[in-house]
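K.L.:
Which chain is which? The protein sequence lines are W and L, in order.
Here the numbering used here is used: the first residue of the first sequence is 379, the next is one more, and so on.
Here the numbering used here is used: the first residue of the second sequence is 6, the next is one more, and so on.
Just so you know, the hints here were simulated from the structure itself, not pulled from any lab data.
Note that the Cβ used here is the ideal one computed from N, Cα and C, for glycine as well.
It is possible that some hints are incorrect.
To be verified - Coverage of chain L stretches by chain W, computed from C-beta distances (three or more under 8 Å per stretch; other residues unrestricted):
no.: 1; stretch: 202-208
no.: 2; stretch: 335-342
no.: 3; stretch: 356-367
Claimed, not checked - Capping the alpha-carbon separation at 25 Å, the derived lysine to any residue pairs in SDA-like fashion look like this:
no.: 4; chain 1: W; residue 1: 639; chain 2: W; residue 2: 740
no.: 5; chain 1: W; residue 1: 561; chain 2: L; residue 2: 19
no.: 6; chain 1: W; residue 1: 771; chain 2: L; residue 2: 272
no.: 7; chain 1: L; residue 1: 269; chain 2: W; residue 2: 740
To be verified - Per label pair, the in silico range of CB-to-CB distance:
no.: 8; chain 1: W; residue 1: 770; chain 2: L; residue 2: 70; range: 31 to 37 Å
no.: 9; chain 1: W; residue 1: 703; chain 2: L; residue 2: 34; range: 27 to 33 Å
no.: 10; chain 1: W; residue 1: 725; chain 2: L; residue 2: 28; range: 20 to 26 Å
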Amino acid sequence: MDLTFSAEERIFEQEVRDFIAQNLTPEMKRATALTPSVFSDPDIGMAWQRALHRKGWGAPGWPVDAGGPDWTPAQRWIFEAECARAGTPNVNVMGVKMVGPVIIGFGSPEQKNFYLPRILSGEDYWCQGYSEPGSGSDLASLKTRAVRDGDDYVINGTKIWTTHAHHANRMFALVRTNDTERKQDGISFILIDMKSPGITTRPILTIGGDHEVNQVFFDDVRVPVVNRVGEEGKGWTYGKYLLEFERGAGIASAKLRDALKTVSDLAESDATGRAIDDSDIAVRMSEIEVDIDTLEMTELRVLSALQTGQNPGAVSSLLKLRVSEIRQAVTRLGVEVIGNDGLYVEPMRPLYRLNEAPGIPEEMLPIVPEYLNGRAYTIFGGSSEIQRDIVAKMVLGL
Amino acid sequence: MDLNLSDEQRLLRESVDRFIAETYDADHRRRSAGDPLGFSPAIWKQFADLGWLALPIAEEYGGLGAGAVETGIVMEAFGRGLVSEPYLSTVVIGAGLIAECGSEAQKQAMLPKVADGSLRLSFAHSERAARFDLAKVETAAMKVADGWRLDGHKIAVIDGHAAGQIIVSARVASDDGTAGKLSLFLVPAGTPGLTLRDYARLGGGRACNLDLANVSLAADALLGDGSDALPQIEAVVDRALAALGAEAVGIMQIMFDMTLEYTKVRQQFGRPLSANQVIRHRLADMAMHCDEARSIALRAAVMADAEPVARGRAASGAKAKIGKSARFVAEQSVQLHGAMGVTEELDIGSYFKRLLAFDTLFGGSAHHYRRHAALGGRTPPHA
Ligand SMILES: Cc1cc2nc3c(=O)[nH]c(=O)nc-3n(C[C@H](O)[C@H](O)[C@H](O)COP(=O)(O)OP(=O)(O)OC[C@H]3O[C@@H](n4cnc5c(N)ncnc54)[C@H](O)[C@@H]3O)c2cc1C
Ligand SMILES: Cc1cc2nc3c(=O)[nH]c(=O)nc-3n(C[C@H](O)[C@H](O)[C@H](O)COP(=O)(O)OP(=O)(O)OC[C@H]3O[C@@H](n4cnc5c(N)ncnc54)[C@H](O)[C@@H]3O)c2cc1C
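Given these sequences and hints, build the entire structure.
P.N.:
Spelled out as structure tokens, the structure:
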């Protein structure tokens, strides 16, 4: 057993560092640090996506023939870790990490040829149309309906909590194509052009004051049948395949370390009256750091299994649970570290476009909104309660 | 021993409950959130007419001479309504400091005006380097020929923008160079050298950062006789902690009520959320936290005028305990509302933010457990 990376992996690590040094502009880095929502704004995230694409690193998890870099699991880990350490922007996860793998796995050759290059280059921006007002945890009860009419589906209904629908030009959606006895069997996976007539989008503000999610309405929206991925009625299978990706991104410890560093830097600064000198803050900082060490070891155990071709098993739900809880602990500690300055509300968004010096040190600005918005981590992509149900069922066999 | 409300207290509760229910709805909040003042002077006038501004002020200064229990009754309802009027800063803290420290002339001059609604107050005490240590003040006061000169920086001054007089704490430079006494000064709004930068406050209302640069004050700006004001500040802050605790109880209770209702109505998997055991247990825990918070808040109120150690332990104990309970109830209320809970679509989000602000004000649970321990004087059995 060995915790250090091999010589070749070290060389790769240096290559990633060099790439980041040459391509991550101070503006991108600052904008990322000052983004209190889950995703970066597209102008920031997509600039980074284009840089990655130029290097051939636009989609780390994809197979080579789809345009992926053919990295080993260790290389992927190193890449994510270096990106997190440097504070690179989030790219359009819904494209690269969600719909991309589904199209690769189940799409037609035409769909692959059309959509995959556009995801890689950043030309397309995707949103995920799963949840509906009446269908959250119970996703299979979804009602948005797609009715066949010649070569089109006609779609009616509504999706909600759609992250970045207001930025996206495409949506992948689960829609009901059939009323089957088992609700899951009547669902299809469909790709929708957001500029289609009949689509309207309503903004929803999150409690941190950010416009990240939306409600999307479909009023007789026509979508060509060829935009369906795979078979009719098999959407649930594809959709669940994707959720595995959403939950088990598998490489979160590095990002959490970066988030904790932001908090510990503040705690060690005079701006917070050196909050770290408060023994309670110091102890909690260590508690979180040990949780991150633990998570990292779990990730590396999974990685080692993958490297040797083993199946790591149903750890993705466990990882999702811990990652979301640790993230919330970090944001909570942040609030306590900045003390009274946490009462300050900056309504302007995006924060990185603020053109007046704020009333508190700039690096404190995202701390409270991150805590507030961060309550979502235990809700989206399968809530903590649902994840525990999955662990009980899939891991414990109950 | 009797912890039941008296007839007068019951009447007070009914009247404030009714007022809050009729006046403070989500629409009202949205309107006042965009208001540069952050609250309504017309409502402030109504508070005066209803006698609430006079409640804790002694009768000889135009008040009603009520205590912390009455303040708690008002604050609990204010929590439910997310009231953003500067009640805590003016009536509980500002008037409290004047009553504790002020000269007879200062009390005569100001307390009746607080009671009739014509004077609002604010307490400028916190400094960035001090965190929540009440004794740590670097703002300096210098005795000069015709009065005082103040220099320093204050942060998180609640309702400072709305105050006619800001009570500023400062260290008076001593002749022999040792750390000077902590004193309080009355600084009228608009005094030259006073720069106020106000901002929307987490959870509603406003606060400001305050710079004092060469602020000249008359000799009678000093509140009281110049003896060290820390014991009085602690007494008043302890009463503020009791009041804030009551406000938090009001917020926790309404968040719990809303969440209970939501889980009964919201259906997933063909049944209400509340049919799931994990949800039922969570709700049971939330109910327990609400009830415990109510008990310990009452303890802080009942002991608000006890000797300093017992009072301080009751106040800090309440702040610490309610802080923990409030966090649980607030976070679980959001969690059980699902995505709805993390948006501005429902009131849950507004209450959540107010409870977070509660936890921050005057320090969180760890800070107050530490003070509780440091004060010593553990309550003996059969006390
Ligand atoms: C910031 C954010 C971004 C999002 N982005 C997207 C997006 O891009 N696309 C998209 O499709 N969706 C998105 N979502 C929606 C997300 O996936 C849903 O919020 C999630 O599935 C939960 O559904 P719900 O909000 O309707 O909560 P509900 O399902 O109503 O659940 C409410 C509460 O009840 C609990 N609960 C529900 N059922 C059970 C049960 N059987 N047993 C025990 N407890 C239960 C839940 O855990 C939760 O605590 C987003 C949500 C958020 C907050
Ligand atoms: C020290 C001691 C003294 C006792 N004295 C007496 C006595 O004087 N007279 C008497 O009649 N009995 C007595 N009992 C028995 C006691 O009342 C039972 O132990 C108790 O009712 C639990 O029953 P059980 O032990 O069979 O556990 P079980 O009922 O088998 O429960 C096992 C575990 O499962 C949990 N559980 C069970 N059902 C559910 C559910 N629906 N949902 C969630 N969790 C569940 C329980 O909480 C427990 O953790 C005593 C027990 C102890 C330990």
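K.L.:
Confirm or reject each hint.
P.N.:
Tested hints:
no.	hint	in the structure
1	202-208	holds (count 5)
2	335-342	holds (count 3)
3	356-367	holds (count 6)
4	W/639 <-> W/740	holds, 16 Å
5	W/561 <-> L/19	violated, 51 Å
6	W/771 <-> L/272	holds, 22 Å
7	L/269 <-> W/740	violated, 43 Å
8	W/770 <-> L/70: 31 to 37 Å	violated, 59 Å
9	W/703 <-> L/34: 27 to 33 Å	holds, 31 Å
10	W/725 <-> L/28: 20 to 26 Å	holds, 25 Å
Against the hints set out earlier in the document, violations occur for numbers 5, 7 and 8.
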